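Listed below, chain by chain, are the residues.
2 protein chains.
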Amino acid sequence: MRQSKIFYITCKESPKDETSSNAQLLIKGGFIDKLSAGIYTLLPLGLRVAVKIEEIIRQELLALGAQELSMPALHPKENWEITGRWETMTDLYKLKDGEKEMALGPTHEEIIVPLAKQYIKSWRDLPLLDDNGNFPLSLFQFQTKFRRELRAKSGLLRTREFQMKDLYSFHRSEDDLNGFYLKVKEAYLKIFTKLGIGEKIYYTYASGGTFSEFSHEFQLLTEAGEDTIYICEDCLSRGERIAINKEIIGKVDICPQCQSKKLKQAKGIEVANIFKLKNKFSAPFDLSYANQDGEKQNVLMGCYGMGVGRIMGSIVEASNDANGIIWPVAIAPFQIHLISLDEDSSAQKIYRDLQADGYEVLYDDRPESAGKKFIDADLIGAPVRIVVSHKTTQQSGVEVKQRKSKEVEIIPYEEIIKRMKDYVDIK
Amino acid sequence: MRQSKIFYITCKESPKDETSSNAQLLIKGGFIDKLSAGIYTLLPLGLRVAVKIEEIIRQELLALGAQELSMPALHPKENWEITGRWETMTDLYKLKDGEKEMALGPTHEEIIVPLAKQYIKSWRDLPLLDDNGNFPLSLFQFQTKFRRELRAKSGLLRTREFQMKDLYSFHRSEDDLNGFYLKVKEAYLKIFTKLGIGEKIYYTYASGGTFSEFSHEFQLLTEAGEDTIYICEDCLSRGERIAINKEIIGKVDICPQCQSKKLKQAKGIEVANIFKLKNKFSAPFDLSYANQDGEKQNVLMGCYGMGVGRIMGSIVEASNDANGIIWPVAIAPFQIHLISLDEDSSAQKIYRDLQADGYEVLYDDRPESAGKKFIDADLIGAPVRIVVSHKTTQQSGVEVKQRKSKEVEIIPYEEIIKRMKDYVDIK
Chain G
1 MRQSKIFYIT CKESPKDETS SNAQLLIKGG FIDKLSAGIY TLLPLGLRVA
51 VKIEEIIRQE LLALGAQELS MPALHPKENW EITGRWETMT DLYKLKDGEK
101 EMALGPTHEE IIVPLAKQYI KSWRDLPLLD DNGNFPLSLF QFQTKFRREL
151 RAKSGLLRTR EFQMKDLYSF HRSEDDLNGF YLKVKEAYLK IFTKLGIGEK
201 IYYTYASGGT FSEFSHEFQL LTEAGEDTIY ICEDCLSRGE RIAINKEIIG
251 KVDICPQCQS KKLKQAKGIE VANIFKLKNK FSAPFDLSYA NQDGEKQNVL
301 MGCYGMGVGR IMGSIVEASN DANGIIWPVA IAPFQIHLIS LDEDSSAQKI
351 YRDLQADGYE VLYDDRPESA GKKFIDADLI GAPVRIVVSH KTTQQSGVEV
401 KQRKSKEVEI IPYEEIIKRM KDYVDIK
Chain H
1 MRQSKIFYIT CKESPKDETS SNAQLLIKGG FIDKLSAGIY TLLPLGLRVA
51 VKIEEIIRQE LLALGAQELS MPALHPKENW EITGRWETMT DLYKLKDGEK
101 EMALGPTHEE IIVPLAKQYI KSWRDLPLLD DNGNFPLSLF QFQTKFRREL
151 RAKSGLLRTR EFQMKDLYSF HRSEDDLNGF YLKVKEAYLK IFTKLGIGEK
201 IYYTYASGGT FSEFSHEFQL LTEAGEDTIY ICEDCLSRGE RIAINKEIIG
251 KVDICPQCQS KKLKQAKGIE VANIFKLKNK FSAPFDLSYA NQDGEKQNVL
301 MGCYGMGVGR IMGSIVEASN DANGIIWPVA IAPFQIHLIS LDEDSSAQKI
351 YRDLQADGYE VLYDDRPESA GKKFIDADLI GAPVRIVVSH KTTQQSGVEV
401 KQRKSKEVEI IPYEEIIKRM KDYVDIK
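Protein chains in written order, with my numbering: chain G, 1 to 427; chain H, 1 to 427.
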């Protein structure tokens with residue numbers, strides 16, 4: 001894409017009403033625009049990142065045998081009365097449509113449980129997790145959620161309207177729920193590895209509410225985190241990233257995984273969570289099945305959330321420097337930022353060649369100063385920057401630099417395509 | 001996909017509270033589920049269709065040089081007060097967030113105009129449409145829209161919550177707006193051709209409001225249509241599908257394109273519309289630019305809508321028979337419905353081979369009767385049905401039938417892959 005044509009809104013100064021790094025950097029980099037507190041537009045650059053995150057998540061869930069659907073945002077009051085959450089959930093947006101009262105969905109248990117009830121009649125509708133390619137029934141969506149968030153001050157980390165992936169699973173036995181729960185855990189870890197943040201993710205024990213001993217959060221380690229977690233140093237020394245959320249410290253004071261007492265305090269952002277709901281929602285909706293003896297049993301459920309915008313915001317919090325964002329390759333809006341300094345014909349050829357080879361290239365063809373172009377490139381944060389200028393042309397080459405490093409290399413024209421894979425691996 | 005595993009909810013009888021064919025057929029076929037009047041879940045089969053429609057639209061808009069973004073659904077009251085539509089738009093959902101009043105966006109002029117204002121400063125930010133690859137600034141999104149629809153009785157044709165593509169363009173001259181408007185018209189016709197309904201689409205003159213002489217609708221010709229249109233028979237005889245919406249008959253009584261008076265009444269569904277907004281929204285928001293003489297001018301705008309669910313519903317209305325839906329190949333949930341009647345090992349091989357060759361196959365592996373399987377296949381409406389049974393195996397082949405035809409052909413096993421492209425062209 002030519003930078004002269006992209007719909008790219010930036011402000012030179014840090015937005016005054018934003019205190020979080022992610023909001024400041026995403027706004028300055030032209031990724032998002034703030035409409036109102038906790039409500040943002042994804043600009044073309046930001047949407048590119050969000051779509052990549054979404055697609056990485058989708059592929060891993062499909063591999064789990066989960067099926068994608070799309071539920072509405074407008075929910076009838078009755079559904080929320082059945083679980084009692086019409087009154088108890090304080091961040092529910094409510095509205096009236098004539099006499100009818102509705103909520104804007106902050107989550108979808110109240111919708112998916114009655115939906116599953118139409119489908120699940122007998123144990124035959126609830127396949128068990130086994131090695132023959134059978135998977136429990138599990139359904140997911142990417143959907144806009146709404147929450148009346150009182151303190152919407154953390155950029156994309158805490159918004160009133162956000163894109164979220166929610167997955168729900170349905171089981172006939174606790175064993176099966178437990179087995180699938182672990183499969184989702186593995187899939188989530190794989191997703192974070194693909195997103196390029198696997199090394200920073202801690203599988204964190206958190207409160208399980210009244211129905212389970214624990215739920216689990218995936219905490220991204222960063223000083224900017226809102227949550228306090230306790231990392232198990234013994235697990236870490238064995239290469240396992242395990243933590244305990246502060247909210248259960250007291251109830252739990254050793255690592256639930258290895259019983260070590262060597263816990264170290266740290267800060268994290270919860271980027272995903274998994275939860276054994278058991279019959280918490282199936283009971284009020286009477287979601288049941290007839291077992292092999294014809295007896296009625298409650299379906300057991302798990303739910304598994306992951307916020308797309310929250311992941312985007314967290315990665316920015318954890319991966320930036322004074323000059324801007326440093327995107328992991330897998331979700332960068334463009335893999336290569338090609339900057340022409342009065343060498344447009346050479347640059348255009350490289351632009352075409354790189355694209356033909358499958359790279360996503362942002363080509364800065366604007367009549368701006370070198371300084372301005374470098375500043376914008378750092379703000380946008382593409383993993384690799386290529387500069388073509390009189391100076392590099394005299395050396396018959398281009399200047400290549402990784403966003404995360406300060407080192408610069410001159411690569412001859414004829415080697416650019418071949419060498420690019422050392423810089424940015426897109427295969 | 002194996003049919004035994006798909007999350008597939010059907011009811012044997014026509015849903016009593018739905019009067020439209022599209023809702024009845026989509027519910028019976030397991031594509032959608034009704035949550036409340038005018039509010040539907042897209043089940044896995046329905047989501048597959050929606051995603052295909054969306055992708056066809058997206059590709060044509062990107063080819064126009066349009067850029068994709070994603071604006072919020074929650075809109076501050078202030079934005080809607082600026083245009084006066086907070087009071088005048090009767091189908092606006094309103095809600096309160098503490099003291100703050102918000103609307104759920106039924107359209108996004110009130111959001112995109114102030115957004116564009118941050119970007120457009122001078123004439124340089126408004127490239128002209130020309131043959132050198134310059135395109136006017138145009139922005140689009142696929143977004144959930146909300147409308148307090150009083151008569152939500154037409155299935156996916158008139159819903160309270162719906163997925164819509166909205167495109168907005170920004171121009172410095174009326175000539176440029178007119179040129180781009182025609183480009184969008186051509187792109188829309190291309191989209192409908194790709195969707196497999198090009199032959200049924202009429203470019204229809206409709207009211208332009210106070211700002212333009214006409215707007216234009218794309219009407220899908222079907223007896224089930226809500227709109228009355230007048231088709232120009234002279235244009236039609238020249239292969240051009242032109243019509244006039246009844247709403248402007250009286251003001252206009254001849255074909256605006258060829259001045260013919262030979263008009264024939266028909267019924268249609270509006271599946272898209274294009275509108276020259278001119279300065280209707282740029283004036284209240286003071287969206288202006290400095291021209292080459294430094295004078296301030298209002299930006300001129302066009303807006304171009306297309307409803308994803310509405311297209312899905314319309315196609316069902318226009319393409320069905322007594323047994324169910326007949327999907328065009330391009331948007332069918334699966335291109336091939338493979339039915340095994342006690343010949344699972346042969347069927348499995350064919351299933352693998354067809355998928356390896358790039359076909360999307362729904363494989364009915366359920367232990368159901370032939371009758372039940374045929375009924376479900378007609379309801380789901382995949383373009384091609386393949387049956388493998390004892391009988392066909394004795395003839396060393398399979399039985400192939402197009403959904404839209406009654407003719408059945410026996411194709412030998414070894415020719416299936418080769419011959420399939422005569423039935424369903426996916427390249």
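Treat the hints with caution; some may be incorrect.
Claimed, not checked - Cβ pair distances, simulated, as ranges:
no.: 1; chain 1: G; residue 1: V51; chain 2: H; residue 2: D131; range: 54 to 62 Å
no.: 2; chain 1: H; residue 1: D131; chain 2: G; residue 2: D342; range: 22 to 30 Å
no.: 3; chain 1: H; residue 1: N134; chain 2: G; residue 2: V408; range: 32 to 40 Å
no.: 4; chain 1: H; residue 1: A63; chain 2: G; residue 2: T19; range: 23 to 31 Å
In case anyone wonders, no lab produced these hints; they're calculated from the structure.
Owing to the predicted nature of the structure, the values given are computational and were not obtained by experimental measurement.
No residue lacks a Cβ here, since even glycine has one placed at the ideal position from N, Cα and C.
Evaluated hints:
Separated by about 31 Å at the C-beta atoms, V51 (chain G) and D131 (chain H) break the suggested range of 54 to 62 Å. At roughly 26 Å, the beta carbons of D131 (chain H) and D342 (chain G) sit within the given window of 22 to 30 Å. Here the CB-CB span from N134 (chain H) to V408 (chain G) is close to 34 Å, well matched to the stated 32 to 40 Å. Restraint check, A63 (chain H) to T19 (chain G): a C-beta distance of roughly 41 Å breaks the suggested window 23 to 31 Å.
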